[in-house]
Amino acid sequence: MNRTSNSLSHSLRGDTERPLRASGEIHRVSYALPEHLAEWQLPPGWHWGSEGLWHQHRHFQEVIDALGRSLSLVSAPDTGHAGWLEAEARALAHRNHPAVPTTYHYWASFADSRRGPGYLRRWIAGETVGARLSRAGAEDVPAVLRVMREIGSTLSYLHDAGSVHGAVSVHNVWTTPMGRLWLLGWQWAVPIASVPSDLSPDTTGMPLPPEWGDGWQPSFMSDQWQLGALCFHALTGEAPPRDNIPPVSLVRPDVPPSVSNVLDRALQLDPAKRFGSVAAMVRAMDRVLGSRTVLTLSGETTAASRESPEVRLRWALADDYEVLAPLGAGTFGSVWRVRDLSLGREVALKLLHQHVARDERAVGRFRREARLAAQLAHPSIVPIYDWDSRGDVAWYTMELAEGGSVADLVERAGARLLAEVAPQIDNVLSGLGAAHAIGIVHRDLKPENILIDRYRRWRIADFGIANPAGEETTGASGTPAFSPPEQLLGEPQEASADCFSLAAIVAFVLTGEPPFGEADSKTILARELTGQFDDSRFAPEIAQWLSVGLAAQQENRFADAAVMQETWRIAAGAVLERERRVPWWKRIFGSEESASESWWREEGVASSTL
1 MNRTSNSLSH
11 SLRGDTERPL
21 RASGEIHRVS
31 YALPEHLAEW
41 QLPPGWHWGS
51 EGLWHQHRHF
61 QEVIDALGRS
71 LSLVSAPDTG
81 HAGWLEAEAR
91 ALAHRNHPAV
101 PTTYHYWASF
111 ADSRRGPGYL
121 RRWIAGETVG
131 ARLSRAGAED
141 VPAVLRVMRE
151 IGSTLSYLHD
161 AGSVHGAVSV
171 HNVWTTPMGR
181 LWLLGWQWAV
191 PIASVPSDLS
201 PDTTGMPLPP
211 EWGDGWQPSF
221 MSDQWQLGAL
231 CFHALTGEAP
241 PRDNIPPVSL
251 VRPDVPPSVS
261 NVLDRALQLD
271 PAKRFGSVAA
281 MVRAMDRVLG
291 SRTVLTLSGE
301 TTAASRESPE
311 VRLRWALADD
321 YEVLAPLGAG
331 TFGSVWRVRD
341 LSLGREVALK
351 LLHQHVARDE
361 RAVGRFRREA
371 RLAAQLAHPS
381 IVPIYDWDSR
391 GDVAWYTMEL
401 AEGGSVADLV
411 ERAGARLLAE
421 VAPQIDNVLS
431 GLGAAHAIGI
441 VHRDLKPENI
451 LIDRYRRWRI
461 ADFGIANPAG
471 EETTGASGTP
481 AFSPPEQLLG
491 EPQEASADCF
501 SLAAIVAFVL
511 TGEPPFGEAD
521 SKTILARELT
531 GQFDDSRFAP
541 EIAQWLSVGL
551 AAQQENRFAD
561 AAVMQETWRI
571 AAGAVLERER
581 RVPWWKRIFG
591 SEESASESWW
601 REEGVASSTL
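So the sequence shown is numbered by the numbering used here: it starts at 1 and just counts up by one.
Since the hints were derived computationally from the structure, they do not count as laboratory data.
Predicted model, so just to flag it, every value in this text is computed and none were measured.
The reader is advised that the hints may include incorrect statements.
Here are the in silico distance ranges between beta carbons for each label pair [what the hints assert, rightly or not]: (1) H97 / P43: 24 to 30 Å; (2) H97 / D286: 16 to 22 Å; (3) D286 / G237: 21 to 27 Å; (4) D319 / P379: 29 to 35 Å; (5) A329 / E39: 45 to 51 Å; (6) P43 / T102: 17 to 23 Å; (7) S389 / E518: 31 to 37 Å; (8) R345 / A32: 22 to 28 Å; (9) P77 / K522: 53 to 59 Å; (10) R367 / I438: 16 to 22 Å.
Where a beta carbon is used, it is the ideal one built from N, C-alpha and C, also for glycine.
Produce the complete structure using the sequences and hints provided.
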């Protein structure tokens, strides 16, 4: 039976109570294949990915299937937990909610297959809310309201099916760089009989509802309290105390009183004084915000105004799109995650700022960006779906890159290994070569404009200042840390300018720092012209490739991306082939052929030519 109850407080029977305990960090990233997967034999065409994650009684290992998709293999390190793992897979297989990862397949244990038990779901690129709070501090009010709505919707969906989660915390809610939220920790949201009797969720970072006492007693009401505690934690940077919880408005004065009142009620010590259900809590929040109010980034409640980008966007999109969350903003516009209601898919929408939209030249340039990107039909270029405008609101939609950008990746996880990024850089060079082949120079390549899709493929985006051959070839633009000297000087730029920027991105990805630092444009220009680039941190072949790509004079660089790609394969291939002879990769991939070697073989690059 699932963990449910008919009492007012929804407390569980005493015989289901589990002792609680805390024990250090509950997530740990690893790059070595764990011992319990060492003997697994993947299907033909599959190979191990480069990362794994340890969680409470679970391990998540990235695997790449025959279609090149990045999936997560969920397994139980303890062989005695096989029945518990199967119950989790079965429960998830019947869930259908945007914040619940879909189960694709379950591998039972069979001697002939040499794999199992384990199940496959999508690989989630991102970080926990807890990790984000540690890295960036407390969230703003709109971000917390999105968490409450989306996770509240997930819990309400689960409760409607007669189940509870029982482990809602900042460590079990994941956020992707594109603003999507996922609720994990599903090993606890299974029939109580499936969980080993001596186990309960780790209390590290997990708020403990006051009615639990010293045991684990998950219920509908405790899920609601934990949701309120999650929002409290996100707003203040600290979990609420178990007793004598202060009003939210006292510890975060910029939270509107109406919002604070909803959270305060959800955090009542007496379950009977909380909302009747999580769904009622979410509806109450929607009512106090209402359609006539707009919550600004400072958290203040003001009258609706057409000057708000979100209000302008909702007015212009009408019933065609549902606005879900802001993704970022730049000098000329903002990017939003929206749902295309006619096709039922989530997309990214780029919106021009209001003051920019009044400039006909800016709108024309914006339209040209959409047109240029739409012409470049290539797997390594983010596709453009549609362009439209209404009044002074202009936008276009493109594929949603759920993994965020390369900048997000490096900020979140640090410098990357060559074996991990070599195929991705090759793919980006292929897409850039397609643009150069028809005379288009991007002119603003930077880590923020290399996006990562749900399968962890890198793709080029934002052709906002790109140029067809012969058009607007001068003018200072781009991002200084990744711009070539001629661009910083406002001189004409050719395809070799993009080659410089991409070489700078590669150096950034492999070291975590731009090759010439992050100073002002004049300082960076001086460093570029004098060749102040430290290549000692790279293998000789990569250092030589970077020195050509980052040459100050255009004639000394790669002529275009096609030449750059050919040389990249030789340089990176030589390094990976040399490393292949060293047994370090066995600790990462645990197979007779590393992922990097498989890629070079598939690309037709013979080791004798490297």
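(request) Go through the numbered hints given earlier and state which of them the structure violates, listing their numbers in rising order. (result) Hint 8 is the one this structure does not satisfy, whereas the remaining hints hold.
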